[in-house]
Amino acid sequence: MEHLIELKDVYKIYPMGEEEVHALDGVSLAIDPGEFVAIVGQSGSGKSTAMNIIGCLDVPTSGSYHLGGVDVSTMDDDRQAEIRNKMLGFIFQQYNLIPKLTVLENVELPLLYAGVAAEERQERALRALERVGLADKRKNLPSQLSGGQQQRVSIARALAGEPSVILADEPTGALDSRTGREVLAFLKKLNREGDTVVLITHDNSIAVKADRIIRLQDGKVIYDGDAHDPRAVVQPGEGEEETP
Amino acid sequence: MNVTQAFKLALKSLQTSKMRSFLTMLGIIIGVGAVIIIISLGNGLTGMVEQQVEKVGVNQIYAYTWGMGDGTTSNITPEEMYAFIDENPQVFSGISPWVSGGQGVRRGGAEFARTGVYGVSEAMYRRETGSTLDGDTLAKGRYLQYVDVALRQNVCVIGAYLEREAFQGDALGKTLAISGIPYTVVGVLAQRGDELREGGGDDRVYIPYENALQMSGGRYVSLYQITATSRDTVAAAQSLLRDFLQDFYKDEDAWYNAYYIESMLDQVNMINSMMGIAMLVLVAIAAISLLVGGIGIMNIMLVSVTERTREIGIRKSLGAKRRDIRRQFIIEAGTTSAMGGLLGILFGCLVAMGLGSLLGGMLVESLGASGITFNATPTLSAILTSFGVSVGIGVLFGYLPANKAAKLNPIDALRYD
Chain A
7 MEHLIELKDV YKIYPMGEEE VHALDGVSLA IDPGEFVAIV GQSGSGKSTA MNIIGCLDVP
67 TSGSYHLGGV DVSTMDDDRQ AEIRNKMLGF IFQQYNLIPK LTVLENVELP LLYAGVAAEE
127 RQERALRALE RVGLADKRKN LPSQLSGGQQ QRVSIARALA GEPSVILADE PTGALDSRTG
187 REVLAFLKKL NREGDTVVLI THDNSIAVKA DRIIRLQDGK VIYDGDAHDP RAVVQPGEGE
247 EETP
Chain B
17 MNVTQAFKLA LKSLQTSKMR SFLTMLGIII GVGAVIIIIS LGNGLTGMVE QQVEKVGVNQ
77 IYAYTWGMGD GTTSNITPEE MYAFIDENPQ VFSGISPWVS GGQGVRRGGA EFARTGVYGV
137 SEAMYRRETG STLDGDTLAK GRYLQYVDVA LRQNVCVIGA YLEREAFQGD ALGKTLAISG
197 IPYTVVGVLA QRGDELREGG GDDRVYIPYE NALQMSGGRY VSLYQITATS RDTVAAAQSL
257 LRDFLQDFYK DEDAWYNAYY IESMLDQVNM INSMMGIAML VLVAIAAISL LVGGIGIMNI
317 MLVSVTERTR EIGIRKSLGA KRRDIRRQFI IEAGTTSAMG GLLGILFGCL VAMGLGSLLG
377 GMLVESLGAS GITFNATPTL SAILTSFGVS VGIGVLFGYL PANKAAKLNP IDALRYD
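So the protein lines, in turn, are chains A and B. Heads up: take any position in the first sequence, counting from 1, add 6, and you land on the numbering used here. Heads up: take any position in the second sequence, counting from 1, add 16, and you land on the numbering used here.
Rather than coming from a laboratory, the hints here were simulated on the basis of the structure. Mixed in with the good hints there might be a few duds.
Said to hold, decoys possible - Label-pair restraints from in silico Cβ distances:
| # | chain 1 | residue 1 | chain 2 | residue 2 | range |
| --- | --- | --- | --- | --- | --- |
| 1 | A | Asp83 | B | Lys24 | 18 to 28 Å |
| 2 | A | Thr67 | B | Tyr432 | 39 to 49 Å |
| 3 | A | Asp224 | B | Leu27 | 47 to 57 Å |
| 4 | B | Ile293 | A | Glu125 | 55 to 65 Å |
| 5 | A | Ala123 | B | Ile311 | 48 to 58 Å |
| 6 | B | Val308 | A | Glu168 | 44 to 54 Å |
To be verified - Straight-line distance between alpha carbons at most 20 Å, and here's what the computed EDC-like set of lysine to aspartate or glutamate pairs gives:
| # | chain 1 | residue 1 | chain 2 | residue 2 |
| --- | --- | --- | --- | --- |
| 7 | B | Lys423 | A | Glu88 |
| 8 | B | Lys423 | A | Asp64 |
| 9 | A | Lys145 | A | Glu129 |
| 10 | B | Lys71 | B | Glu278 |
| 11 | B | Lys337 | A | Asp83 |
| 12 | B | Lys337 | A | Glu168 |
| 13 | A | Lys14 | A | Glu41 |
| 14 | B | Lys420 | A | Asp82 |
| 15 | B | Lys24 | A | Glu126 |
| 16 | A | Lys194 | A | Asp182 |
| 17 | A | Lys106 | B | Glu323 |
| 18 | B | Lys24 | B | Glu144 |
| 19 | A | Lys194 | A | Glu88 |
| 20 | A | Lys14 | A | Glu25 |
| 21 | B | Lys34 | B | Asp340 |
| 22 | B | Lys420 | A | Asp182 |
| 23 | A | Lys92 | A | Asp64 |
| 24 | B | Lys337 | A | Asp82 |
| 25 | A | Lys106 | B | Glu278 |
| 26 | B | Lys420 | A | Asp83 |
| 27 | A | Lys92 | A | Asp77 |
On a predicted model such as this, the values are computed, not experimentally measured, just so you know. No residue lacks a Cβ here, since even glycine has one placed at the ideal position from N, Cα and C.
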């Protein structure tokens, strides 16, 4: 069976003066539809770079990346934008809602760029808002909502385009622990309903909510397996470092 | 994303910072306003000149015949001129000598120092139109007739001003003295202006031209007033007349030396082309303000792109392509300048109307041209052009910032604080 996400021997190398930094140093991984995977690592481990590449925001220096069976590793800007629009739903740490647009308009954005007609766009955005329980706030501005609500709006926005993968980058990082747990529970619920969720975090206690953990260190995969295996949460080397 | 969406978004973003939007538009408002004002006033002036000319008659041609002045060639006579005009009825409709008889009109003890005395022939009055070549009509009595001119009768036709001032409204059959010689009033012209004024168009006396020649001490008629059949035949009439006079004087330098021809149409065209150039220069200067306005828009758009880097990153992550982002910012710039343009048109029209009624009144007053109006209104094409230009400026100067936004890397843009 074809994997939904498949990275093969991916390198991402940044020139730093004379030196080269290997942000990803030969990463291979595969994620199948319906999985709930956490990509874990400390700051500098390469998890952000991995997230950028999986999210089609960046291209690997070498190696290949297939998303839904399509090689997206050599695509140009605009084709990547199209892939992001059709296949990926982003959830960011800072919610990243556009402040001057209403909740509904924010959720409509991916559909707008997909060229969906106004009426259908509103309908689908409203459905996504209903899924996160915020349909009644559709006319509010993001600033009128709490952090947890804003994050749920951003989840609705990620869902609106009916993407193949939900990519959550530290989704609880800006929330207190209770709302953070709620958001995680919600992601788990989405996963149970059939969505593929990829969670990027530095926090083991969050990572263990996923079914599978892929741990990165120095640009390499050092663990890939069951989230409940004790080895999954072993932090090699020094003590855990707080990342913002 | 379609254009309507981008347009709505642009309006929204203009609304969120009204003061800033207004200041950004100010350059365009002033530029477009200035262009509209200049064009309106120019149109008003052109219209005034046209009206004035229509009144005097745009088919007027003046032939100056001084003669060679070398004593060997005789000057052309009125009879020769009449014959030539009669031979070409397809382009000419009338001719009269026009001799200035100086001044010096008296009636009883009163002196009318500013009254103009002009020597003309009976041909000045055209029975078929009931008016003179100048467009005057008779109010009372008759015009000068062939016998008056042939026999150098001491008769005159006077203007309405003189009738009122010298004769208390009853001049027919009475006499006035011109250079000491008594003349009998045989006709009174209808009032031509709104107001009767000393030295104006109604303060005139017409006498047989040979009498006037005698008064001025001249030997030859040196000016003929000629009318073409219409505005369209003026050019043909002028060229025929020139050929005729050139043939008469034979000297190759005769033009300017022995004779000269000018027409009202020449003057109108000259005035119009001069005014056109002046307007063009002024509009060009005003257009500099449009350029400055455009640069202002570019500047504020560059700031806006920087401020909204994160928004651009978000949009890109959600699938906005380069052209979506570019379009959004170009439409925003275009909307800003288009609104500036609209406000500028409004501002320009209002100021032009105010200035028009102020200046127009003064101009009409100072020219003493009654029945002439000054309409400082812009043409529709001027309005449409300035609107188009202002949108164009927005798009042009918005392109650079928009392109900068479109090329932003989504990762960097998302991380931007």
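Status of each hint after checking the structure:
For the pair Asp83 of chain A and Lys24 of chain B, the beta carbons lie near 26 Å from each other, so the given range of 18 to 28 Å is met. Between Thr67 of chain A and Tyr432 of chain B the beta carbon distance is about 24 Å. The supplied range of 39 to 49 Å is therefore violated. At roughly 50 Å, the beta-carbon separation of Asp224 of chain A and Leu27 of chain B lies within the given 47 to 57 Å, and the hint holds. Distance hint for Ile293 of chain B and Glu125 of chain A: a CB-CB separation of about 57 Å, consistent with the stated range 55 to 65 Å.
Remark: the range hint 48 to 58 Å for Ala123 of chain A to Ile311 of chain B is contradicted by a beta-carbon distance near 39 Å. Roughly 49 Å separates the CB atoms of Val308 of chain B and Glu168 of chain A, a value that falls within the hinted 44 to 54 Å. Note on Lys423 of chain B and Glu88 of chain A: the hinted pairing holds, with a Cα-Cα distance of about 16 Å set against a maximum of 20 Å. A threshold of 20 Å between alpha carbons decides the hint, and for Lys423 of chain B with Asp64 of chain A the separation of about 14 Å falls inside it, so the pair holds.
Between Lys145 of chain A and Glu129 of chain A the alpha-carbon distance is near 14 Å, which keeps this suggested pair within the 20 Å criterion. In summary, the hint linking Lys71 of chain B to Glu278 of chain B is supported, as the alpha carbons are separated by about 18 Å, within the 20 Å threshold. Between Lys337 of chain B and Asp83 of chain A the CA atoms are separated by roughly 8 Å; this keeps the pair inside 20 Å, and the hint holds. For the proposed pair Lys337 of chain B and Glu168 of chain A, the alpha carbon gap of about 19 Å is at most 20 Å, so the pair holds.
With a C-alpha separation of about 19 Å, the suggested pair Lys14 of chain A and Glu41 of chain A falls inside the 20 Å cut-off, and the hint holds. The suggested pairing of Lys420 of chain B with Asp82 of chain A holds, with an alpha-carbon distance near 17 Å, which does not exceed 20 Å. A distance of roughly 18 Å separates the Cα atoms of Lys24 of chain B and Glu126 of chain A; the hinted pair therefore holds under the 20 Å criterion. As the CA atoms of Lys194 of chain A and Asp182 of chain A are separated by approximately 18 Å, the hinted pair is consistent with the 20 Å bound.
At roughly 13 Å between alpha-carbon atoms, Lys106 of chain A and Glu323 of chain B fall within 20 Å of each other, so this suggested pair holds. Between the alpha carbons of Lys24 of chain B and Glu144 of chain B the distance comes to roughly 68 Å, so the proposed pair goes past 20 Å and is violated. Between Lys194 of chain A and Glu88 of chain A, the direct Cα distance comes to roughly 27 Å. Violation of the 20 Å bound is thereby established for this hinted pair. Between Lys14 of chain A and Glu25 of chain A, the direct Cα distance comes to roughly 24 Å. Violation of the 20 Å bound is thereby established for this hinted pair.
With a CA separation close to 25 Å, the supplied pair Lys34 of chain B and Asp340 of chain B exceeds the 20 Å bound. Taken as a hint, the Lys420 of chain B and Asp182 of chain A pair is broken in the structure, with Cα atoms around 37 Å apart against an allowance of 20 Å. A threshold of 20 Å between alpha carbons decides the hint, and for Lys92 of chain A with Asp64 of chain A the separation of about 16 Å falls inside it, so the pair holds. For the hint linking Lys337 of chain B to Asp82 of chain A, the alpha-carbon distance of about 11 Å falls within 20 Å, and the restraint holds.
Annotation: proposed proximity of Lys106 of chain A to Glu278 of chain B is violated, straight-line Cα distance about 70 Å (limit 20 Å). With a C-alpha separation of about 14 Å, the suggested pair Lys420 of chain B and Asp83 of chain A falls inside the 20 Å cut-off, and the hint holds. Annotation: proposed proximity of Lys92 of chain A to Asp77 of chain A holds, straight-line Cα distance about 15 Å (limit 20 Å).
Comparing the model with each numbered hint stated earlier shows that hints 2, 5, 18, 19, 20, 21, 22, 25 do not hold.
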